[in-house]
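Given only the sequences and the hints, what does the whole structure look like? Please build it.
Take a look at the letters that make up each chain.
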Amino acid sequence: MAADFRNEVFLACKILQKKDTAKKITSLIDDLSKSSKFTENETEQNNTHGDFAYLAKQSNNEFYSYLFIDDNIDKIELPQFLRAEHLASDERNLIESGHQTLVRFIELCLADIKQHSDVLATALNPYFLLKPIKINANATSILSDDELLPVVSAFKNGRVYKTLIDSNLAWVLSKLDINTVGTLITTAEREVNRSLGDDITHDLKEFTLKLAMTTKFSSISDVMLAYSILLIALRESLKMSCHLFFNAICGIDLLVLNNDNIINIEESISTTVCKFYKVLVQEISINTFDDDMVRVLLIDCDPSNEEHIHEFGMIIAETISFSRETGKTTKYSFVTIDKEMIHIYPLTEAIMRIGLPDEQITKC
Amino acid sequence: MSTLFSEYPENDLWRELLQFAYEANIKRFFKRHGIAGDDDTLNCIVGSFLQANEYYKAAKDADLQIAPLLLYYGSTNLLYGMTNLLNGKIVKINNHGMKSIISDKGSFIADTEIRFLSPNDGGVHVISRALGFNTNLTNYGDWKLREFLDSIAEINSDYMECYNTRTGRIAMLDVFNTPDGKIEKIYFKAENRDEIHEMLNDVEDFNKSYLHVQILKDPITNKECFILRHKLNGKSISELSYSGQPYLKAAHIKNGQSITIPTVLNMYISLFALSSLCRYYPEHWSPFVLKDTTGEKLLIEKFLFYARRMIPNLVLNKILGENVNYISNKYEEINTVKHVGEHQVQEMVERKIRDYFDRQDILSHSEKQI
Numbered sequence: 001m002a003a004d005f006r007n008e009v010f011l012a013c014k015i016l017q018k019k020d021t022a023k024k025i026t027s028l029i030d031d032l033s034k035s036s037k038f039t040e041n042e043t044e045q046n047n048t049h050g051d052f053a054y055l056a057k058q059s060n061n062e063f064y065s066y067l068f069i070d071d072n073i074d075k076i077e078l079p080q081f082l083r084a085e086h087l088a089s090d091e092r093n094l095i096e097s098g099h100q101t102l103v104r105f106i107e108l109c110l111a112d113i114k115q116h117s118d119v120l121a122t123a124l125n126p127y128f129l130l131k132p133i134k135i136n137a138n139a140t141s142i143l144s145d146d147e148l149l150p151v152v153s154a155f156k157n158g159r160v161y162k163t164l165i166d167s168n169l170a171w172v173l174s175k176l177d178i179n180t181v182g183t184l185i186t187t188a189e190r191e192v193n194r195s196l197g198d199d200i201t202h203d204l205k206e207f208t209l210k211l212a213m214t215t216k217f218s219s220i221s222d223v224m225l226a227y228s229i230l231l232i233a234l235r236e237s238l239k240m241s242c243h244l245f246f247n248a249i250c251g252i253d254l255l256v257l258n259n260d261n262i263i264n265i266e267e268s269i270s271t272t273v274c275k276f277y278k279v280l281v282q283e284i285s286i287n288t289f290d291d292d293m294v295r296v297l298l299i300d301c302d303p304s305n306e307e308h309i310h311e312f313g314m315i316i317a318e319t320i321s322f323s324r325e326t327g328k329t330t331k332y333s334f335v336t337i338d339k340e341m342i343h344i345y346p347l348t349e350a351i352m353r354i355g356l357p358d359e360q361i362t363k364c
Numbered sequence: 001m002s003t004l005f006s007e008y009p010e011n012d013l014w015r016e017l018l019q020f021a022y023e024a025n026i027k028r029f030f031k032r033h034g035i036a037g038d039d040d041t042l043n044c045i046v047g048s049f050l051q052a053n054e055y056y057k058a059a060k061d062a063d064l065q066i067a068p069l070l071l072y073y074g075s076t077n078l079l080y081g082m083t084n085l086l087n088g089k090i091v092k093i094n095n096h097g098m099k100s101i102i103s104d105k106g107s108f109i110a111d112t113e114i115r116f117l118s119p120n121d122g123g124v125h126v127i128s129r130a131l132g133f134n135t136n137l138t139n140y141g142d143w144k145l146r147e148f149l150d151s152i153a154e155i156n157s158d159y160m161e162c163y164n165t166r167t168g169r170i171a172m173l174d175v176f177n178t179p180d181g182k183i184e185k186i187y188f189k190a191e192n193r194d195e196i197h198e199m200l201n202d203v204e205d206f207n208k209s210y211l212h213v214q215i216l217k218d219p220i221t222n223k224e225c226f227i228l229r230h231k232l233n234g235k236s237i238s239e240l241s242y243s244g245q246p247y248l249k250a251a252h253i254k255n256g257q258s259i260t261i262p263t264v265l266n267m268y269i270s271l272f273a274l275s276s277l278c279r280y281y282p283e284h285w286s287p288f289v290l291k292d293t294t295g296e297k298l299l300i301e302k303f304l305f306y307a308r309r310m311i312p313n314l315v316l317n318k319i320l321g322e323n324v325n326y327i328s329n330k331y332e333e334i335n336t337v338k339h340v341g342e343h344q345v346q347e348m349v350e351r352k353i354r355d356y357f358d359r360q361d362i363l364s365h366s367e368k369q370i
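Sequence lines, in order, name chains L and X.
The numbering used here numbers the first residue of the first sequence as 1 and each following residue consecutively.
The numbering used here numbers the first residue of the second sequence as 1 and each following residue consecutively.
Hint data in this document are derived by calculation from the structure and do not stem from the laboratory.
We put the CB at the ideal spot given by N, CA and C, even for glycine.
Careful, some of the hints might be misleading.
Unchecked claim - Here are the simulated PhoX-like cross-link-like pairs (lysine-lysine), alpha carbons at most 25 Å apart as the crow flies:
(1) Lys-275/L x Lys-339/L
(2) Lys-328/L x Lys-217/X
(3) Lys-182/X x Lys-331/L
(4) Lys-278/L x Lys-352/X
(5) Lys-189/X x Lys-223/X
(6) Lys-14/L x Lys-331/L
(7) Lys-328/L x Lys-208/X
(8) Lys-331/L x Lys-235/X
(9) Lys-254/X x Lys-208/X
(10) Lys-162/L x Lys-275/L
(11) Lys-210/L x Lys-60/X
(12) Lys-131/L x Lys-175/L
(13) Lys-235/X x Lys-328/L
(14) Lys-331/L x Lys-31/X
(15) Lys-331/L x Lys-208/X
(16) Lys-144/X x Lys-182/X
(17) Lys-328/L x Lys-352/X
(18) Lys-99/X x Lys-31/X
(19) Lys-235/X x Lys-60/X
(20) Lys-328/L x Lys-189/X
Said to hold, decoys possible - The following label-pair restraints were derived from C-beta to C-beta distances:
(21) Gln-257/X x Lys-34/L: 41 to 49 Å
(22) Thr-135/X x Asp-300/L: 42 to 50 Å
(23) Phe-322/L x Thr-221/X: 42 to 50 Å
(24) Asp-121/X x Val-256/L: 51 to 59 Å
(25) Thr-135/X x Glu-349/L: 33 to 41 Å
Said to hold, decoys possible - Going by beta-carbon spacing under 10 Å, a handful of chain L positions derived as facing chain X:
(26) Asp-71
(27) Glu-189
(28) Glu-191
(29) Asn-193
(30) Asp-199
(31) Lys-205
(32) Cys-301
(33) Lys-331
Below, the structure is given as structure tokens:
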């Protein structure tokens, strides 16, 4: 039986961690993240790149952020207390190599879709809304295509992917320009993101009610919303995969919430959109990558002797409290992801149960 | 736990215990527990409880010269009566199950050594088993009296002061209910921080019960403390002191083995050591009582007070199978009115509105379907 996408992503992460280039990148990011270091004669030396890593981490877009800062360093107005210097060429090459790994992975995953619709493939690319950056033509991925093949195949075996590619709707999108598609997805995404918790937006609630009560879509707007939701789900799964690859390359361990750090599971709610948790944890060990917003975590705990929770989750909110009276605590709000790394699987399941229309769309 | 009102807890406690000085009550107890006791057993239990009461009454007014001896005899009778009551038969005891060894090395009474004997029919072992503590104490080598005193929460601060140690085997807990759940704090001073931290590792099941310990400095009092939070599935491992304040008790490491002795036994064994001193070594005991210059006498007196108050209570708890708590607060009506904060009111209203609109949505969709 073919391994699921989530499992293959973690297997690819393990391969990445062993690569020499990844180790060099880990070391580079680590160095960039330190404001100063001690030399051999124990004198403190400021980081020659200044606050480069700090700035790059603000946008939380993996290697893209580093390259974007490097490209635009002279155009960004920084407050007086911050400074940043360009990357050296060997440093830039390493970061480009990391970025190229993610780019190549996305290209391979979306190659078949691109044949159907260039617009659709672009819309599914997690980086499509970001400004282009200059990448050296010689930049190569850390993983070869052969090494990426299992994870790419698992992605293409996903039910959401197959529903999208099997649908004839791609031609509709191919008639639209990318900006229109972007607007369409962004509108739906806003609704989805506002529903990643115990509250669901009015429009989405109405939509899920229709899904529960009908066997086919009744309007073109519902069809387009369903289609957009599947696109968002798939794009988010690619985004999470890229973030896990980035973490693996940078030597960042998966965040694990377990009985050794969980104080309380404050909320555990299943809605028609997602399965949502709010978990309070005691301080988690600090490392130099702590400025990075973690996207994916694992909750693996026993709330009681009879209950065990083992779920991967996509973080939607994180708050840290440094109270000097009660200690350091962090509250994570997250939605669980399924084996296809879909974070809104109750919603996508409901859509797939009805199925995207082939005939209906022509009538509409 | 049952809470009883009393203005004289010690008297009322003994009144409760002395119900077992009546045959009819013992028979009722046996019947309730499916035990068939014979007449000898009944007489033995009655005698044990009555004698225990006499010794305790005498100990209350006795001088320190013999008070430990009277309390040890009283406790032995009481615990023996309890053992026979719980077993429904006379359990044979051959000797104390321990002996005292006077140390010439130490300058403190607490340096008196104790050696455990007769694991099968020694008094301390028979009583331990009746209390549910089945450890063979002879496997743990010789002890010093101070190793029992250091595990009694009620005298913990006096113990550290008297013997000038940085920590005993007790960590008192200050409990705070915060918006993020219950936390327990252990305050420390810079000089005993490491010792207390190390001691916590010796508390049985500490790592199963608590998350990693955090260290904080209170911004107002400037006092430093360890912050303890229970794990998601971590059970409470603290005990309650006489004042009701919870505490953690660390194990002793003896002969390479970890052992945590219950409070009632810590007290009983300590009483044995002190009674041996006053009964068999007056040349040591009398000068201590008459002209102690170390301050240890204050600690021993305090210990004797708590032993006199707590041992009978712990025995009653064991017999009744629940903790009996004597309080002097007058009866008050139980208030079940819940107070909710502004945030909670807002959340409740929001939830109600949301539920209302949800219902409306479902109804309108159902109508459309029809």
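TODO: Could you check the structure against the hints above and give me the numbers of any it violates, in ascending order?
DONE: 6, 11, 14, 16, 17, 18, 19, 22, 23, 25, 26, 27, 28 and 29
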